[in-house]
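*Asks:* Protein chains in written order, with my numbering: chain A, 1 to 398; chain B, 1001 to 1259.
No lab work stands behind these hints: they were computed from the structure.
Heads up, a few of these hints could be off.
A few chain B residues that face chain A, going by a derived Cβ cut-off under 8 Å, partial list only [what the hints assert, rightly or not]:
| id | residue |
| --- | --- |
| 1 | 1057 |
| 2 | 1074 |
| 3 | 1133 |
| 4 | 1159 |
| 5 | 1161 |
To list a few chain B residues with every Cβ distance to chain A over 12 Å, as calculated [what the hints assert, rightly or not]:
| id | residue |
| --- | --- |
| 6 | 1005 |
| 7 | 1010 |
| 8 | 1017 |
| 9 | 1071 |
| 10 | 1123 |
These stretches of chain A come out as covered by chain B in the derived footprint (C-beta under 8 Å, 3 or more residues) [claimed, not checked]:
| id | region |
| --- | --- |
| 11 | 31-45 |
| 12 | 186-192 |
| 13 | 287-293 |
| 14 | 299-312 |
Yeah, the Cβ is synthetic: ideal placement off N, Cα and C, and Gly gets one too.
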Amino acid sequence: MNGPGRLIVTSPPSRGRYGEFGGSFVPETVVPALQELEAAAVEALGDPLFLAEFYGLEAGYAGRPTPLHHARRLSERVGRPVWLKREDLLHTGAHKLNNALGQLLLAKRMGKHRIVAETGAGQHGLATATACALLGMECVVYMGREDMRRQAVNVAKMELLGARVEPVGDPAATLKDATSEAIRYWVTNVRDTHYVIGSVVGPHPYPWLVRTLQSVIGSEARAQMLELAGRLPEVVIASVGGGSNAMGIFAAFLPDAEVQLLGVEAGGRGPQPGAHGASLGLGTPGVLHGSRSYILQDPDGQVLPTHSISAGLDYPGVGPEHANLKATGRASYVALDDRQALEAFHLLTRLEGIIPALESSHAMAAALRLPADGGPILVCLSGRGDKDLETVLGRESA
Amino acid sequence: MSPEGDPLRAALPSSRGEPRVCPYLMAGFPEPEATADLLLAAEAGGGAVIELGIPHSDPLADGPTIQAAGRLALSRGMTSRIALAQVAQARSRGLRVPVVCMTYLNPVAQFGLEEFCQAAAAAGVDGVLVPDLPLEEMDGLGRAASRAGLALCTMVAPTTPDERLALAAARASGFVYCVSRTGVTGAGEPTEGAGLLERVRALSDRPLVLGFGVRRRSQVVSLAGLADGVAVGSRIVEAAGGEAPAAAVRDVVAELCGR
Chain A
1 MNGPGRLIVT SPPSRGRYGE FGGSFVPETV VPALQELEAA AVEALGDPLF
51 LAEFYGLEAG YAGRPTPLHH ARRLSERVGR PVWLKREDLL HTGAHKLNNA
101 LGQLLLAKRM GKHRIVAETG AGQHGLATAT ACALLGMECV VYMGREDMRR
151 QAVNVAKMEL LGARVEPVGD PAATLKDATS EAIRYWVTNV RDTHYVIGSV
201 VGPHPYPWLV RTLQSVIGSE ARAQMLELAG RLPEVVIASV GGGSNAMGIF
251 AAFLPDAEVQ LLGVEAGGRG PQPGAHGASL GLGTPGVLHG SRSYILQDPD
301 GQVLPTHSIS AGLDYPGVGP EHANLKATGR ASYVALDDRQ ALEAFHLLTR
351 LEGIIPALES SHAMAAALRL PADGGPILVC LSGRGDKDLE TVLGRESA
Chain B
1001 MSPEGDPLRA ALPSSRGEPR VCPYLMAGFP EPEATADLLL AAEAGGGAVI
1051 ELGIPHSDPL ADGPTIQAAG RLALSRGMTS RIALAQVAQA RSRGLRVPVV
1101 CMTYLNPVAQ FGLEEFCQAA AAAGVDGVLV PDLPLEEMDG LGRAASRAGL
1151 ALCTMVAPTT PDERLALAAA RASGFVYCVS RTGVTGAGEP TEGAGLLERV
1201 RALSDRPLVL GFGVRRRSQV VSLAGLADGV AVGSRIVEAA GGEAPAAAVR
1251 DVVAELCGR
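The shape of chain B in the complex, shown without the other chains (with noise of 0.2 Å):
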C-alpha cells in the first residue's frame, strides 16, 4: 500500500525511536458538542492518530475512568452519529491526523456494519477497533471496513498464543493493539507489553501499538524500539473532565511527547 492508502502506517513508522503518541479520547466527554474542539487540541498537543471512543452502556474492556465518562456522555445524549459529525467538524477546521473510531460491537451492529463503515470513512474516520470482536467473527466487519476505505484494526493480550496473534495480525489492516495485560483499561502497570510485542513484530509488519496502563512520558520511553505508538486513555479523559478540558488534553498530550 500506498502512504496515501495506508494513513496509520504513515503515521506510525516502524522506527527503532520512540513510539508515536495516539491519545483516546471519549466522543461526547465532557460534553457532546466538545468533540471537535478535544480532536484538534489532542492533534495540536502531538498526537499521532487519535483514538476516538464511542459510548455505549456496557463497556467490558474499559476500566473506571472510562467507565464513567461513557456514561456521563450517554446522559449527555452522545450517539454514534453525532460523534461521527463531530469527526467531520474537526476534518472541516483542518484535522489532519488520523482518527480510529474505538467502540463495542452492539452500537456498530444497531447502526449497521456497512452503514456504520460507510458513515465513518465519510466523516474522515481512517480505521475501526472493536474490542469484543474477537478474530473469528471479523468477517463482515472486515468486508465492511475495506468497501469503505476503513482500516480494521486488531487487538491481542498477552493470553494470546502465537497461532492466535499470527491471525491477529493477518486480519489487520490497520495497527495490531497490543494489550499491555491481562485486564481493563486504567489503572496498572504495562507490566507485560514489552513481551507481547516481540511476539507480536516477529509475525506482521502491521503498526503496534501499545495500550492500557501507559499515563506517563517515561513509560512512552521506554518503549522505544517495541512499539511503533502508544495509546493513553484514562490520563487523557481525566484531563478532558477537569478545567478547560481543551488546553489540559493538550498538554497532557503535549508532555507525553516530550514536548
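Isolated chain A (complex conformation) (with noise of 0.2 Å):
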C-alpha cells in the first residue's frame, strides 16, 4: 500500500446527535469555541492543502501506512486466520498520533498557539506534546495523580517534550478527573487556547472530529485485507475505553454489513459498581463531560468511580456513536478483566514477538475467545505495551 490511508469525511451530524446519545452539554463560556470548532474543521477537512499536510505529516512523520500483520502462530492457536493492525508502530507507540497531528494542524488554521490535552495512559498527552513540539506549540497536560504514578515513563517522556504536565485531584484520580481539570483550563482559557481531546468522546463536534482522524485507521486496515488476506475481515476487533482506535478501524467497515465489530471494555476486578469500566456493558445513559452516552453512574446521576488495569481503558463513558452502534445493534460489545488481558498480553509476547499496551490486550484477548474454523480477525494492536511493563511486572511480583 503506498501513502496514508485516506480520511472518511462525512458530514458532522446534526446537533451532534447520534441517534438518542451525542449533543453538547457544556458551559455557555466554551459553546461559541466549539460551533467555531466545527464550521473550521468542515472548511479544513474539505481543503486539499490541508489535507496533505496532514497525510504528508502521516507519511513522512508519524510512519503510515502502519503495516497489517498476518499473525501465524496466534492463528493457529485460534483456529482461523489473525491479522493486527500495527497502531502500536506509529511514532510514539499508539494510535493516538493521527488525532493530535490532525487536531494541531486544525488549531494552527484556526490561530490559537497552546494547547491542553487530557490524558489516562500517557499516550495521548505524549502524542499532543510530541506534536506541539514538531509544531512550536505551547502545551499543557492534565493527568491524574494515579496515572502519573503507573505510567511516569510518559509524564517524563511529556515533560522533555516541553510540555507541562498538571496533576489532578486526589491520590486516585484517573482520566475522568483529568478530562474535566482540562476542559475547566480551556473554559478559562478559551480564546487562545483548543482542546485537543484524545477519544471520540467530549461535546460535539469532538466524537465527529476524532473518528474521522482516526479513520486512516479503518481506510488503511480495510484495503489491507483485501491486499493480503484477499478479503474483508469477518470480525473486527479493538478496546474501547473512550473508543478512539475502535471507532477508527470501525468507521471503514461500517457500510460491510457482512462483517461483524466488536468493542472490548474493561471488565476489570468484577461488575461490582467501582471495580471496571465497562461503561456499555453495565452503564445507563447519562451525560459526562459534554455528551450524552452510556456512562457508570449511580441512581442520583453522580458518576461512580472505575477500575481497570489499563490506564486507557479506567473511564466511565464511552464515545456516543458507539453507543449508538450498540443501540442500533451494528456493533456488540463485551467486557473482558484484567486477568483475562494479562493472559492475552504474554501470549501476544510470546507468540508473535509484539509486547501490546494493556489496551490492546483486552481486544487481543476477546480474538482468542471466538469459536476456531471462522473467517478472518481483524484486530486493532492500538499501541505498544513499553509503558505497561511496571504493571506488568509489579503485579506479577505482588
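Got two chains here, separate frames each, mind docking them using the hints?
*Replies:* Structure (C-alpha cells):
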C-alpha cells in the first residue's frame, strides 16, 4: 500500500446527535468555541491543502501506513486467521498521534497557539506533546495522580518534549478527573487555547472530529485486508475506553454489513460498581463531559469510580457513536477482565514477539475467545506495551 | 407578570442603585442536615435570592472551593431529594426569599426533568439554573419548569455573541446569569462583567445577576446601575466550611450587603 489511508470524511451529525446520544452539554463560555471549531473542521477537511499537509505528516513523520501483520502462530492457536493492524508501530507508540497531528494542524489554522489535553495512559498526552514540539506550540497536559504514578515514563517523556504536566485530584484520580480539569482550563483560556480531546468523547464536534482523524486506521486496514488476505475480515475487534481506536477502525467497515464489529471494554476486577470500566455493558444513559452516552453512575446521576489494569480503559463513559452502534445492533460490545487481558498480553508477546499495550491486550483477549474455524479476524493493535511493563511486572511479583 | 408571579423580579428590582446580594450555598455542605439552617442564615444576613447548588461528581463550571464542598457533601450522603427536603424545611421555618437551584444536567436528568421540577416547586424552590445545558437544548427543561411554575434562568458569558445573548434573554423566565469572565467559579477578578452586563441590558428586561469572582463588598458597590443581583459563591462556601457555619454565613452576607 502506498501512502497513508484516506480519511473518511462525513458531514458532522446534526446537533451532534447519534440517535439519542451525543449532543453538546457544556458551559456557555465554550459553546461559541465549539461552533467555531465545527465550522473550521468542516472547512479544513474539505481543503486539499490541509489534507495534503496532514497526509504528509502521517507518512513522513508518524510512519503511515502502519503494517498489517498476519499473526501466524496466534492464528494457529485461535484456529482461524488473525491479522493485526499495527498502530503500535506509529510514532510515539499508539494510534493517538493521528488525532493529535490533525487537531494541531487545525488549531494552527484557527490561530490558537496554546494546546491543552487530558491523558489517562499518557499516550494521548505524549502524542499531543510530541505534535506540539513538532509544530512549535505551547502544551499543557492534565493527568490524574494515579495515572502519573503508573505511567511515570510517559510523564517524563512529555516533560522532555516541553509540555507542562499538571497533576489532578487526589491520589486515586484518573482520566475522568483529568478530563474535567482540562475542560475547566479550556473554559478559562478559551480565547487562545485549543482543547485536544483524546478520544471520540466530549461535546460535539469532538466525537465526529476524532473519529474522522482516526478513520485512517480503518481505511488502511480495509485496503490492506483486501490486498493481503484477499477478502474482508469476518470480525473486527478493538478495545474501547472512550473508543477512538475502535471508532477509527470500525468507520471503514460500517457499510460492510457482513463484517461484525466487536468492541472490548475493561472488565477490571469484576462487575461490581467501581471495579470495572464497562460503560456500554453495565452503564446507563447519562451525560458526562459534554455528551450523552452510556456512563457508569449511581441512581442520583453521580459518576462512579472505575478500575482497569489498563489506564486507557479506566473511564466511566464512552463515545456517543459507540452507544448508538450498540443501540442499533451494528456493533456488539463485551467486557474482559484484568486477568484475561494479562493472559493475552503474555500470549501475544510469546507467540508473535509483539508486546502489546494493556488496552490492546483486551482486544487480543476477545480474539482468543472467538470460536475456531471462522473467517479472518482483524484486531486493532492500538499501542505498544512498553509503558505497561511496570504494571505487569509489579502485579506479578506482588 | 405580576410581582407575585415573578418572585425573582420582585426580589431583584431593576434600579440605578446597588445590586442585591445573591448568596450561593452548596447543599449538604458541611453537613446534609445543615442546609436549612444555612438558607435561613443567608436570608438573615440580607440575601435577596439564594442560589442553592446541588452537588455533582463532575462540576465542569466550578473551581476548587465549590468542587471540594460538593465532593464532601456527596461523601456525606447528600442527594437532590435531601436538598429539596431541606428547602421545604427552611420554608416551614419561615424562609421567604426566592431559592434557585443550580445544578448540572445529569443529576436532574436522572431524577427526571418533569419530576425534578415538580418536586422542586413543591419544596418551595422558585427557579432552576443548569450551567451545562446550552440554550439550544433547553426545550425539555423549559417546558417542565413552566408546567411546575418554576422560573428558568439562563447563563451567558463574555464569549457569547449578541445573537446568542438575545436567545438567552428570550429563553429566561427567571434571571439571566452573566458570567463575569472566561473561567470557573472562584478566584479571579470579574474583569469582563461590566461590558457583558451592558450588552445583555440592551437586549433584555429580565433581572441580570453577575457572578464568578465576586467576594468583596467593594465589588458589589462597583456594580451599581449595572447588575440587579450579584452572586457570591466561593466566599460563602468558605464561611460555611469554618466554625459555626450559620453565624459565619450570616455575617459574610451582611458584610457584602453593607449591613
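*Asks:* Determine for every hint whether it applies to the structure shown.
*Replies:* Against the structure, the hints:
1. Here the hint on residue 1057 of chain B is kept, as its CB sits about 4 Å from the closest CB of chain A, short of 8 Å.
2. For residue 1074 of chain B, the suggested interface contact is upheld, since its CB lies about 6 Å from the closest CB of chain A, less than 8 Å.
3. The closest approach between the C-beta of residue 1133 of chain B and any C-beta of chain A is roughly 6 Å, which is under the 8 Å cut-off, so the hint is satisfied.
4. With 8 Å as the threshold, the beta carbon of residue 1159 of chain B comes within range of chain A, its nearest partner Cβ sitting at about 5 Å, so the hint holds.
5. Because the closest C-beta pair between residue 1161 of chain B and chain A is about 6 Å apart, less than 8 Å, the hint holds.
6. For residue 1005 of chain B, the condition that its CB be more than 12 Å from all CB atoms of chain A holds, with the nearest at approximately 27 Å.
7. With a least beta-carbon separation of about 26 Å from chain A, residue 1010 of chain B lies farther than 12 Å from that chain, consistent with its non-interface assignment.
8. For residue 1017 of chain B, the shortest C-beta to C-beta distance to chain A comes to about 28 Å, beyond the 12 Å cut-off, and the non-interface label holds.
9. Not every Cβ of chain A is farther than 12 Å from the Cβ of residue 1071 of chain B; the closest lies at roughly 9 Å, contradicting the non-interface assignment.
10. No Cβ of chain A approaches the Cβ of residue 1123 of chain B within 12 Å, the least distance being about 16 Å, so the stated non-interface status holds.
11. Counting residues of the region 31-45 of chain A whose beta carbon lies closer than 8 Å to any beta carbon of chain B gives 3, which reaches the threshold of three, so the coverage claim holds.
12. With 5 residues having a Cβ less than 8 Å from any Cβ of chain B, the region 186-192 of chain A passes the three-residue criterion, so the hint holds.
13. As drawn, the region 287-293 of chain A meets chain B at 4 residues by the rule of a beta-carbon pair under 8 Å; at three or more, the given contact holds.
14. Counting residues of the region 299-312 of chain A whose beta carbon lies closer than 8 Å to any beta carbon of chain B gives 5, which meets the minimum of three for the stated coverage.
Against the hints set out earlier in the document, a violation occurs for number 9 only.
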